[in-house]
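Trainee: So you can see what is in the structure, the chains are spelled out below.
Number of protein chains: 2
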Amino acid sequence: MNGRIDSSKDNKREGKLFILSGPSGTGKGTVVKQILKTCDNVALSVSMTTRASRRGEVHGESYYFVSQEEFEKIIDKDGFLEYAKVYEHYYGTPREKVMQDLDAGRDVLLEIDIQGAMKVKRSFPDGIFIFLLPPSLKELRRRIEARATDAQDVIDLRMSKAAEEIRYLPAYDYYVINDDLTEAVEKVKSIFSAEHQRVDQTAERIMERYKEAD
Amino acid sequence: MNGRIDSSKDNKREGKLFILSGPSGTGKGTVVKQILKTCDNVALSVSMTTRASRRGEVHGESYYFVSQEEFEKIIDKDGFLEYAKVYEHYYGTPREKVMQDLDAGRDVLLEIDIQGAMKVKRSFPDGIFIFLLPPSLKELRRRIEARATDAQDVIDLRMSKAAEEIRYLPAYDYYVINDDLTEAVEKVKSIFSAEHQRVDQTAERIMERYKEAD
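Residue numbers (the numbering used here), protein chains in the order written: chain Z, 204 to 417; chain W, 204 to 417.
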């Protein structure tokens, strides 16, 4: 599908793209951090942006910071799995780095909001889409309020947006309810593992190993 | 699909039927034993047979031992997920016990050969089919020979049967290569876990939890 079939002969591990998505406040970032801490073979996809870097942000870790001109050149080459313009700044997922990791047999984890995930689903339908859910809307409100940074109307806005976003669940492959963090992380990791055991289109490649009756 | 949808409201766990299958000598039995040791919520499906019990075999554990008349009555009621007559004796997987466990929210693990699995696939297409593979045909031969119970022609027969059976891989959902036992068991367990996180037909039921915006 994207050149990775060439690795069939040497039984090289096939990298997979996992998209972890969910409404704001469900704890995507925390789950991602835990996964990166405990999984060897997973690379985090780093976004590219045209906004200025803030204090403490590292190029290539927090974001790839580029000029608007550079960003638009990549758009023209269809070089983003998804991108969006938020106010005056671009944000996007560069395709090239993702493909390099996948080709090297590494899984790639992409943390992204629902809108972005839906774009990735179009540009990379082979991705595995995981929806992170709060235990309940009530608990989500409690978590958003606990951050104590938002005014009440902003909280209400976030809540109604979350309720709306959950309607996209049927577009996802998996859901994980983030009630207990450790359990949620284990569930995501079991999805990573199980996806590497799926037969699907790999049946021919697997059967190839067992062709000679010795 | 089979009455289990009624449990939607109380968020009861939905039991799933996992079929672990593979050629003779791949280590199905050992993997199953390890899983039952370490998984709480999995019941092993016990076969029914008309053959006489052997020393040490316990009714309801090794097999359900029944008369030919009883067995055929159950056949007539379509009470088996699969059955077969091997020489003069019947062997089958009673549907009722499996359904009871699933309804109680327990997963059911069925260890079965490829022919049996293909029958279960017709009678219970919602099952999750896992193919256990040897690391190689060469290693499979080594394992079969190590048992030292079979004559050379029987070993050759087993080997050619295994090579043939592997062609059924595309009918399965997952494959697990039993190279290292611990790893193989972990992979099977990750499949169990991940399958409970699949969105599929359960999206409506999940979204139901998030209907009220508080």
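Any given hint might turn out to be false.
Copies of one chain are not kept apart here, so a pair can be met inside one copy or by any two copies together.
[Claimed, not checked] List of simulated lysine-lysine pairs, BS3-like, C-alpha gap at most 30 Å: (1) Lys276 with Lys240; (2) Lys322 with Lys414; (3) Lys414 with Lys300; (4) Lys324 with Lys414.
Worth flagging that the hints you see were computed from the coordinates, not collected in a lab.
Nothing here was measured: the structure is a model prediction, and the numbers come from that model.
Trainee: Starting from the hint list further up, note which numbers the structure goes against and sort them upward.
Mentor: 1 and 3
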